[in-house]
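Engineer: Using the hints, position chain X against chain V.
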Amino acid sequence: MNLNRVLGIIFTGFLGASILSQETPMENDSIPMERLQEVILIGESQVMSLSKKLFNVDVIDQEGIKRLAGNTLADILTQNLNITILPDAATGRSTISMFGFDGEYVKVLIDGIPVASDNGIGNNIDITQINLEDAERIEIIEGAAGVLYGENAVAGVINIITKRGIEGDYKWKIQSALQEETVGSEFSFSDQGRHIQNFNVSNQVSPAISYTLGVSRNDFAGFYNEFQGRDYVNLQDNIVINDSLRGTEWNPKEQLTFFGNVHAKMGKHSLFYKLQHFDETLTIYDRIINGRLNPDGTPNPTATDARFNTNRLVNNFNISGPIRGLTRYNVSLSYQTQERNYQTFTYNILQQGIESFNIDRIDQSSDILYSRGFVSNIMPKSEFFGLLLGYELTRQKGFDAIAAGAQSTNVVEETLENYDFFATADLNLNDQWSLFPGLRSVNNSQFGQALFWSLSSTYNFLEDSKLKITLASAFKAPNFSQLFQEFVDANHNVKGNRNLQPEDGITIFLNYDHIFKIGDKWPLKSTLSSFYFDIDNKITGIVSEDDDGILFTFDNVDFEEKLGFTLNNKIDFNNWQAGIGTSLISTNTALEDGADSGYLWSFNLQSTLLYSFPRINTSLSALLNHRGRTLNVFEGNNGREIGETDAFTWLDASIRTTFFKNFDVTLGARNLLDIVTVNATDIPAGAHGASGGDARLFGNGRSYFLKLLYTLNFN
Amino acid sequence: MKKYLFLSAIMSLSVMVSCGDDDGEDLIDFTVSFSSETVSLSEADTDKEISLTFSRAATESGTITVAYTGNNAEYGTDFSTLPTGGNGTIAVPVAVGDLGATITFTKLQDPIEGTTKTVSLALNGYDQTDWSNGITSSSTVSFTPIAAISGVIDAEQGGSNQPNQVYVDLSSNTQTAVRRDTWEIAFYNGAENRVFLNPSLLVAAAELEGITDILSITEDSDLANALKMNTFDQAFQPATVTVTTVGELVAGLPVAYPQYGNVATNLVFTDNREGTLEGTAFAAVSTTADQNNVYIVSLGNEIPTESAELGSISTTGDQRGFLKVRVLTDGNSYTVQYADLNETENFSEATIEKNDSFNLSAFSLTEGQSVNVEPEKGSWDLNFTGVFSFYGVGNFGGPPTIAGLTFSDYVLHNTLGGTGLYQVTTYERDGDGNITNFDVPSYTDFNRDDVEESAFIYNDRAVIGSGWRSVFGVAAVRDDRYFVLKDMDGNYYKLLFTAFTNSEGERGFPQFTYERL
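Chains as they are written, first to last, in my numbering: chain V, 1 to 715; chain X, 1 to 517.
For reference, chain V alone in the conformation it holds in the complex (with noise of 0.2 angstroms):
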């Protein structure tokens, strides 16, 4: 990778977006102005907001997710500029990669606080389960910020802001919807494509008092691709040929999530409750098929299907107000539990139905107890000088049986426990330029205490534009199974480490953003960005010896260096909205016998254009991805090799109408450009030498959606 090469593409951005602003229809507006604003501003106001102040949040706000038509995060994080959705079609889970990084280095917050999975809190979070019906907008942050959000906020932070209350001078809100959505090209009521019904209800009891309800299904039937469901059996003169077409691409799973909230306001205090219950079931049917006979000779072809059940239960409360004049303070506490139990049963082919339950048991668990709290603007008199003070606690309980290791008898549940303290200082040095130093200590049941810091420095040198720097400590904790976990028998010797430490290292982030004025009426944002990771003391699985034998575990001994640019345009004209954005990233990681790979680099565009009719109450929208070749490290025969994925691109579009005031319909598409599987050679081969494939799977086709919402609005 050469600098002709980044300055090319930093170029082109710029060039796509002049080229768009071009085109612009010569018509007086100022919407887009305040528009544009308001989605800068809307952090601040809000108090399980992410900082504004210490770094760059990006909202995806409602019409954002309406326009995909959202049900889940997974739906909507497909058109991120450096977020790439890493589908795993076996499990049905999707996390997700941020910066190359995977999602154990991103952390998912649900008003700030911590989202629960089956074996951890806030990172590696299946982005499937997080339900979006009563969210009010995404709130993303890119780059480490560890000080505030907690260890393992490396690559940045998700949030989601729940909707409370009720717009406008109602007291009572009914909303109901349907959204019938193809997989690929398949799609029938009963048992192909996606069928998703909400429905909930908002009152206003006093000015004082608001409570929401509601209920959210989400059955997706599978992705059945060349498989062919749950019923299909090759049978050639009555004997069974096992060509492993049973079954699904992608397994089918059903999701059900009760939502409710509450929202006070007890004078100058607010008090927040959200409670969550969420329920799914994935299916997963077994592509082998037992061709037993029966005493005759008749063939009576079995299949050992299993099913996974996930609840998760949220409680999540917050009470924030002033102490005195504008210092204030913000208190969460938050207890969520999460469950997945484990299913198998023999399903009998030719008869449609259960033979019998073989193993019913629960493999995962965990059960939080968290709460954060700070006070800011502890010195409101000062302009120079501001701080704010927080602590940090989290108790997580659980076990991970599919960690223990499959043939594991010795599954114990453990407890892991953090106490943090952190505090961010202002300090404005003048009205241009500030600084904010950051510093957090960990205190960790495990791996003991630690300490991390961050330094942001902002600068204005006009108006409208701003330099914003931020070095910051990027601290990833080891997760449960790097420490906890155990499989040993006869062939195997698999152990977590309970000595891990964190895996520590330092990040750069350089922010410049400019807002543009184009013929005096259309503001373009151009924000052009730099970053720089190293990550020391990375966990990686090593092979070591102890008293059972060859010992496979897990040390910090790895690193991990990553080096990126990107360029984000944003146009509003008349009617139009346009973004174009770049990005350049690459890594650099161990080879083999301690040589390096040296920076692999991979080149990424997001576009956006909408276009809206006001008088018709209608908008057009249309979205591009595009994931350019990566090249990766991965475990493969030989060890440590360089392989790639092709690039791919990622299309959606469609149209929003709204009619009768509360009609509102919305037709579009997924995944334009047909995408299923991406040709790879970075795929790790499996256990016993089974080799890891050739292709990667993104998505399942080009699909279709159309989603219908009633809203009732009365008194």
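These are calculated hints, taken from the structure and not from any lab test.
Mixed in with the good hints there might be a few duds.
As the list claims (entries may be wrong) - Distance windows between CB atoms, simulated:
# : chain 1 : residue 1 : chain 2 : residue 2 : range
1 : X       : S120      : V       : D360      : 28 to 34 angstroms
2 : V       : D102      : X       : G394      : 53 to 59 angstroms
3 : X       : G247      : V       : D102      : 49 to 55 angstroms
Stated by the list, open to error - Simulated coverage check for chain X against chain V, where a stretch passes if three residues somewhere in it have a Cβ under 8 angstroms from a Cβ of chain V:
# : stretch
4 : 32 to 39
5 : 53 to 65
6 : 343 to 356
7 : 476 to 483
8 : 498 to 507
To be verified - Sample of chain V residues at the chain X side, in silico, Cβ under 7 angstroms:
#  : residue
9  : N242
10 : L245
11 : G291
12 : G297
13 : T711
Even for Gly, the Cβ is constructed at its ideal location relative to N, Cα and C.
Structural biologist: Only chain X this time, still in chain V's reference frame:
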């Protein structure tokens, strides 16, 4: 307004309910079936279990009524049953959770030579109205062996610990299951004087050169000559060790990857895979007593008692210890002397007469007695040993490596008794997944004219081996092969393996179907 609210709520709820639970996932119907259409007793048998299998576990208790009709046989005089019968019916109780039931049939009187006695059993009703007959609703019990022309055999391997070895006779459609830990060594009944080891228990034996006095050595004794042995180190890298004492030799004797051996100097501590007379770990037993050296025998590994996780196996438990063993012969009988490794005072001794009706006479060194294991040599074709071990060439992904190997789901054929067998391969898949089809008939189409007499293999018992199923990647029965077998009476059969797990997915339930050609 209230009306809209109501309508809206009803609409949403009804949509959710109608798209709700899938109705295809109910339990299948409960049906009852005999596990075989014919059951025959040999002359030696007095009792026989007649199995009823259910389509699924019973969710309610009840009673199955089975009607019996004797042909030349009277209840009480010629046969009886448990549960007991009367007035032409037997009431078989079913408890919640049962997957099947058995009727024990007892032969009280053998038929007169030249006549036949049979009893017909038929499913005759249920006290639960929703129970019904399955595929095989009647079964005939014969007092004497009947020739079978086809059958489906569920070998009673015993599940994920594979505790049994099962001898199968195709012509009579019968099987005999024996626990594989009942014997360690077996004596050959033919003209040669040979000792076989039990490969299904991982038994191994090392000769002590020049030692003929069983009480003269202990673990501390030096070997006559230092032995150079190949093995593997802790990191699975090939290594060599020099062994100078009995104790050091014992350390590398049990069958496992690092088992000692040296093919170049003919130091192999297991019988060969093929099961030929020349390939035994014990040298031919000489009628000259002082030519028969003492051997150290590793008694193999216990059969684990705890089942494996569904889908896997657990077949090798703790090592069962070591003995010193010396075998002598006069040509008509064998004398076996044995003692603990460090015993210098007394040894045990037993004499085993050769018996021409059997290939091998098995002996338990731990119990000190002969054991009935194999049926008569003309009365079995296949041996589902389950576990099988030998020192030989294995494939671990890299270049082929010689090591002590243990297999599961293993099947042997009766080469010592004269059974011949060969494999018909219908297609081959190369590393890239490309399939080459061979010009051979399918299993269904294969008939007597297709038999290739010259293809039968009589000198390798392990033609079937464990290659009939794959357990890595796609764990399934391989559908690229079937087998042709010729028994000692000159009958030809074709065999097709159909399963290696039961329907719940537990390993150790092999099934095959066969047909006489």
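Engineer: Each hint should be assessed against the structure and marked as holding or not.
Structural biologist: Now the hints, each set against the structure:
{"no.": "1", "hint": "X/S120 to V/D360: 28 to 34 angstroms", "verdict": "violated, 41 angstroms"}
{"no.": "2", "hint": "V/D102 to X/G394: 53 to 59 angstroms", "verdict": "violated, 37 angstroms"}
{"no.": "3", "hint": "X/G247 to V/D102: 49 to 55 angstroms", "verdict": "holds, 52 angstroms"}
{"no.": "4", "hint": "32 to 39", "verdict": "holds (count 5)"}
{"no.": "5", "hint": "53 to 65", "verdict": "holds (count 4)"}
{"no.": "6", "hint": "343 to 356", "verdict": "violated (count 0)"}
{"no.": "7", "hint": "476 to 483", "verdict": "holds (count 3)"}
{"no.": "8", "hint": "498 to 507", "verdict": "holds (count 7)"}
{"no.": "9", "hint": "N242", "verdict": "holds, 5 angstroms"}
{"no.": "10", "hint": "L245", "verdict": "violated, 12 angstroms"}
{"no.": "11", "hint": "G291", "verdict": "holds, 5 angstroms"}
{"no.": "12", "hint": "G297", "verdict": "holds, 6 angstroms"}
{"no.": "13", "hint": "T711", "verdict": "violated, 10 angstroms"}
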